[in-house]
Each structure stands twice: as structure tokens, then as C-alpha cells.
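S.K.: So the sequences go chain by chain: A and B.
Just so we're aligned, residue 1 is where the first sequence starts under this note's numbering, counting upward by one.
Just so we're aligned, residue 490 is where the second sequence starts under this note's numbering, counting upward by one.
Hints should not be assumed to be uniformly reliable.
[To be verified] Distance condition first, Cα-Cα at most 30 Å in a straight line; then the derived BS3-like pairs of lysine-lysine: (1) K715/B to K671/B; (2) K504/B to K433/A; (3) K478/A to K715/B; (4) K640/B to K589/B; (5) K589/B to K462/A; (6) K354/A to K433/A; (7) K462/A to K640/B; (8) K273/A to K360/A; (9) K462/A to K611/B; (10) K288/A to K478/A; (11) K611/B to K478/A; (12) K462/A to K597/B; (13) K478/A to K504/B.
Please keep in mind that the hints were generated in silico from the structure rather than gathered at the bench.
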Amino acid sequence: MAAVQETVDQVKAIDVDQYKYGFSTELEVDKAPLGLNEDIVRLISAKKGEPEWMLEWRLDAYRRWLTMREPTWARVTYPMIDFNDIYYYAAPKMNAAPQTLDEVDPAILETYKKLGIPLREQEILAGVQTSKVAVDAVFDSVSVVTTFKAELAKAGVIFCSISEALKEHPELVRKYLGTVVPVTDNFYATLNAAVFTDGSFVYIPKGVRCPMELSTYFRINERNTGQFERTLIIAEEGSYVSYLEGCTAPQRDENQLHAAVVELITMDDAEIKYSTVQNWYPGDKDGKGGIYNFVTKRGDCRGKNSKISWTQVETGSAITWKYPSCILRGDGSRGEFYSIAVSNGMQQVDSGTKMIHLGKNTTSRIISKGISAGRSQNTYRGQVSAHRKATNMRNFTNCDSLLIGDQCGAHTVPYMECNNATAVFEHEATTSKISEDQLFYCQQRGLNPEEATALIVNGFVKDVLQQLPMEFAVEAQKLISISLEGSVG
Amino acid sequence: MLEIRNLHVSIEDKKILNGLTLTVHDGEVAAIMGPNGSGKSTLSYVIAGKPDYEVLDGEILLDGQNVLELEAHERAAAGLFLAFQYPLEIPGVATMSFLKAAMNSQRKIRGEDEMATADFMKAVRGAADSLGIPQDMLRRGLNVGFSGGEKKRMEILQMALLAPNFCILDETDSGLDIDALKVVSEGVNALRDPKRAFLVITHYQRLLNYIVPDTVHVMAHGQVVKSGGKELALELEATGYADYKTLAA
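This is chain A alone, in the form it adopts within the complex:
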């Protein structure tokens, strides 16, 4: 419990977002000038006190980004983003006194109340501390605290913000950064490379099983500000780590951009389990506001018999564009993708995974559960490819879609590519609708229509929820119920 208390205390000490009844979330903020140019890139790098090579890396990315176009292949529509109308750096000024608050929408307060999460960051973090979890809290553009660092250091684990890693362990960052998601991978990844502001860095040395869950809690608070975080996790030979990220943002009328890059690397026999509970503000019922969540996540199973497992619960964001993927390079390596994507209102989701089988005897498993309600559109887009040398590779894919109501859409777009005759692909897909008869049956037994819907949905997503660490599975289950509120009757 001492360690849990450490997290609670440290996070309490953060002088940001001190939501209390009657106080404001308004903060004094250190902001870069509006827009993007080389000077902004230099300013971000200088704010972080980065080495020269890092600045050059950023500038190179920026110059390449200028020549690139936004991707248009996803099944989402939104107005052109004016990249010069975004703040690329915003950090809360520490020790800013909390101001009075009366602008938090009661709906948000009510939502958090229902979640059992009080509107104070420290309690949100404390609320999930039923077992020991180390937390890196990223607020807008900066990491404000990382807990349990000392205890983790004893095990040889490095867990800190990426800004700090650039100062303390530049050789490690330089060796691995951009090796899984290259600078020019795609439009948003390149933008991220130029302007990323913070994120988490994890290094698990050879043979170490990380003694606790690691997690990063991302919060976008500042108006009109983009969040560009970068996370890098390296698991050396025979090591293991389980990592979880959580995301929330306040309700804003304008759309905000979140363009993150996550890179995972596993060496021989290592394993990374990466879980996400994404609950960015989804916009209102008419589609006004909300986060554009354009994220590139990729893991590289570099070593033999290594394993990377992605689990995601996506309930938030106006638009989600996200494909956590695995490059199965090492012979016998394994990639997993478990996803629940819930869309309601006017939300648009285009999400899935890529499993790139390069090595022999590599295996992958994809379980995707899409739930669409309201007038939302929910697309699963996945690619499985077997390279020429991927002898005896196996993939199993299962995509299920559940429709609630008659104004939403579910789409499944699988791509398969096979260059090896021994490869085995299995693909299952179903689309179903919660039937009036099922609802009536539950209602006849005493459940109200919303409880009935939540129960049926939870049954539908059970396979994936089981993959989440216990305490987060409970949280995710509540989130799904709340996301679907008002979708029936």
C-alpha cells in the first residue's frame, strides 16, 4: 500500500487540474505562438533542452512533412484541418492558483460521477490503484509526474517521460526512436516526429519481469491545442512488461487534434502487453467538437519467439484513425490485437490492425468487436500479410459488428496478402443487431432498456474485456455502458 500511497501523494502534489466543486480548470499556460513553422519546431526542442541531433531529426521530419498530403483512404469525413490554426505546445505553469469554476458542463460531472471517477486527476489515478500501478501523467504537452521511478530503478526498469529520457538516456532513445515507425511513415507520424512534445519511455532490461503495471494517463486540457505524444517501449531479451494508457479531454466546441506515435520493440523471448482505454471527448450529439484521434501505433517483434499484444477499448473521439500493428520479424514471434470500438452519436471510427508476418512460424490473432449506435459509422480495416519467408505462419481473425438502432453503419474491410504457400489464414466475420425480442426478453425479467442493452453489449465484448488487466476491465465495462446511453428507446 505504501507504493500506492506514493502515487496518490505525488499526483496530489501536481498543481494542475485541481478540479474541486466551485473551482476552475482554467490554468495559466505557457504556450507557443499559434501555427507551425521551423521556429516552432526549434522552440519545442529548446523548451525540452534537447540535444542537437534531436533538433535536426525534428527539422528533417518537418521539411518532409511539408511535402506530404493527408491520407484520404479511411472511411471518415471531416473538414480540412488548418495546421496553422493549432497550438503545438502548451504546458501548465506550475503552482498556478486554481480559479473559480462554473463552466464545467454538468453532463461531464455527471459522466464522471457515473464512472465512479471524481473530477480530480489525482483521484482518477487513485481510483484505479487497486493493485500497484506506476503512472506517467501527461498534461497537454508535458509530463507532469512519473511515479514509482525509484522502485522501478531497483529492478533496472527505466520509466520516465520521453523528454527526460532524451536527457538521461540519449543513447537509448537515439538507438531506437523511429526504428519501428520511420519518420516518413505517414502524414501524421511525420508531423508527430517534428512536433512531439512528450510521452513515455520504458526500457526493460534483459531477463526482467517488470514488477508492476506501467501506465500513462493523457489529458488534453488547453483549448485549440494539439497533443502529439510519443511513446517508446523497449523490452530486452526475455523481459516482460504490461503497459496501459488512458486518455480523456474536456468538452470543447472546436475539434482538437491528437496525433500520437507509439513504438514497441521486443527482443528474443520478450513480451509487451499494451492496453489502451481511450475516452477522448467524442463531440456532442450533432457532431460538434471532439478529438480527432489520428494515431500510429506499431510493434516490432524483432527477436525470436517474442510477443506483442495490443488491447484497446475505444469509446471516445469524434474521429478515430488508428491501426495498432505488429511486424512479426523474429521467427516464432506472435502478434495479438484485441479491440472493442464503440461509436455513438456522430462518431466515426476507422480502426483495425496490420499483422505483417516476416519470420517463420509466426502467429497472429485478431479479435475485433465493433459496436455502432446513433448515427455513427464504425469500420474495421485490417491487413494480414505473409511474406515469402514466413513459412508456416498462421493468422486467425474474428471481426464481429453489433448494430444498435437503424441509422448507424458497420463496415469490415479486411486485406490479405499471401506470398508463401504454407501460410494459413482464418477469417470470421459476423454482423448482428440487438433484436427487439432480446431487449423485451431482458425487460420482462426486470432490466430496464438501458440495462438490457448494456448487458447484451457486455456479452458481445466479453472475449476482449477478458484480455484487459482486471481493474481496467471494470472501468472499460462502465465506459461502454455510458457511451451507449441514450442509444435505445
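Given chain A, work out where chain B should sit, using these hints.
M.R.: Here is chain B on its own, set in the frame of chain A:
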């Protein structure tokens, strides 16, 4: 006590019930018989509150309370239970979890505390044993992959747990072999109580050999056209429904 007075019901502009009147007293087992299309299942759905049915006239009183003003889940909490002809499957929701959710939702509506988990488990196990439902079935998804007989037994298990005061059995005998029919009937008979009433809907007299009714009502064209004691069922078995089809018209 359930009182139905002059009930007129239509679905999608098709008139199904035409001024049905029926009273079932506490402790009574009333059987409803009638040919296909006479409106038996509609009657059970309307009592239970299934959406889509339009009540044009009449009233349904459960212990004096007008249930037509209540939503289906509120009727359930008020003590109304419908054993479905075709119980629905809820994949991924363990039977035990479903039972607990139903039990606690009803208690919540009635302003009662949640049942302690230990007491609940004990009650479920006891009921399951008496109906010959194996424990591992309670861990499986509700009704998923259950045989017709298992589904019906599960309906009776739910009835036993939720302890309603008015039970409707909608063609519970359909799809049951003779052994399953006996088990289900014994389950129902065990629940007979001076404070609990049953409405047993069936095509065939066979079920009524096992669940012996106090009264038998014959339905045709959306009305009760004849009422009598249990001997009426035997009479119907011999003569068929032909006479009654013309009676209502």
C-alpha cells in the same frame, strides 16, 4: 388477481384481440386453449408489455393496479412473469450473471436492497438442482446452445427465483419430450401457492394432465368464447376447435 376487461388490441393495424374479458384469482391455475391465430400469444405479450402492440380499449389490472401504464420491466418488478415459448439467447452473458442482474434490477425498482451474493448463489443452486439443471450450464451464455428442453427448464428456474405472483406460461409444452414435460410440470407445480396465479397457454390437453388447471378458457377470434372446469380440456381434445371458430363469429 388478474382482471382483464374488454381488451381490444391490434398490431400493425391488424386487430387481434376483440373485447377479451378474463379474471384469474389468486391461487388459481387458468388454462387458455384455442386454435392457431386465436390471439393466445398476443394476449401473453400484451399482459407482459411487449412494445409494438396497440391497446385500443380495455384494461388489465394486476391486484388492482393498471399494468397498461407500466413499462415491461416495471410490470416484471410488480410480479408479472412470462415464460417464453421461444426463450432468447444472450451470447457472452453467463446465465448466473443474467439471473443476478434480473433479480437485482427488480429489487431496485421495488426499492429493496440487493441480495447478498452468497444467498443468491444458494437460491440458484437449490432451484437448479430441483429442475435437474447442471451447475456448468449456469456458467454458459444464457440459452446459448441449450436444447429446447433446457431452455424451458431455464425459464422455470427464473420463475422460481424471481418469485412472481402472476405467471404466464406461453406454450411451455412445445418442443418438449415427455420426460422434459414432466420435469417442467413438476417445477411449475412446486410453485403453486395460494397467493400465486398461473395462466397456462397451450394447444394441447396433454400439458394439463401434468399441470392440472382449476379453470379452462377457450379463445377464438380474440375473445374468450367458453369457460369451464378442467373437464373442458378433455372435451376439446375429443371435439377439436371447429365449433368454437364459428361461435365467436
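S.K.: State for each hint whether it applies.
M.R.: Structure-based check of each hint:
1. A hinted pair counts as satisfied when its Cα atoms are at most 30 Å apart, and K715/B with K671/B qualifies at roughly 28 Å.
2. Our distance criterion of 30 Å between C-alpha atoms is met by K504/B and K433/A, whose separation comes to about 29 Å.
3. For a cut-off of 30 Å, the pair hint linking K478/A to K715/B is broken: about 53 Å separates their Cα positions.
4. Simply put, K640/B and K589/B have alpha-carbon atoms about 18 Å apart, close enough for the 30 Å limit, and the pair holds.
5. Distance check on the hinted pair: K589/B and K462/A sit about 17 Å apart at the alpha-carbon level, within 30 Å; holds.
6. At roughly 27 Å between alpha-carbon atoms, K354/A and K433/A fall within 30 Å of each other, so this suggested pair holds.
7. Using a Cα cut-off of 30 Å, the hinted pair K462/A and K640/B holds, with the two alpha carbons roughly 22 Å apart.
8. Using a Cα cut-off of 30 Å, the hinted pair K273/A and K360/A holds, with the two alpha carbons roughly 22 Å apart.
9. Straight-line distance between C-alpha atoms of K462/A and K611/B comes to about 26 Å, which keeps the hinted pair within the 30 Å bound.
10. For the proposed pair K288/A and K478/A, the alpha carbon gap of about 24 Å is at most 30 Å, so the pair holds.
11. Under the criterion of a C-alpha separation no larger than 30 Å, the hint pairing K611/B with K478/A is consistent with the structure, at around 28 Å.
12. For the given pair, K462/A sits about 25 Å from K597/B by alpha-carbon distance, which is consistent with the 30 Å threshold.
13. The hinted pair formed by K478/A and K504/B fails the criterion: a straight-line CA distance of about 43 Å is larger than 30 Å.
This entry does not satisfy hints 3, 13, going by the numbered hints stated previously.
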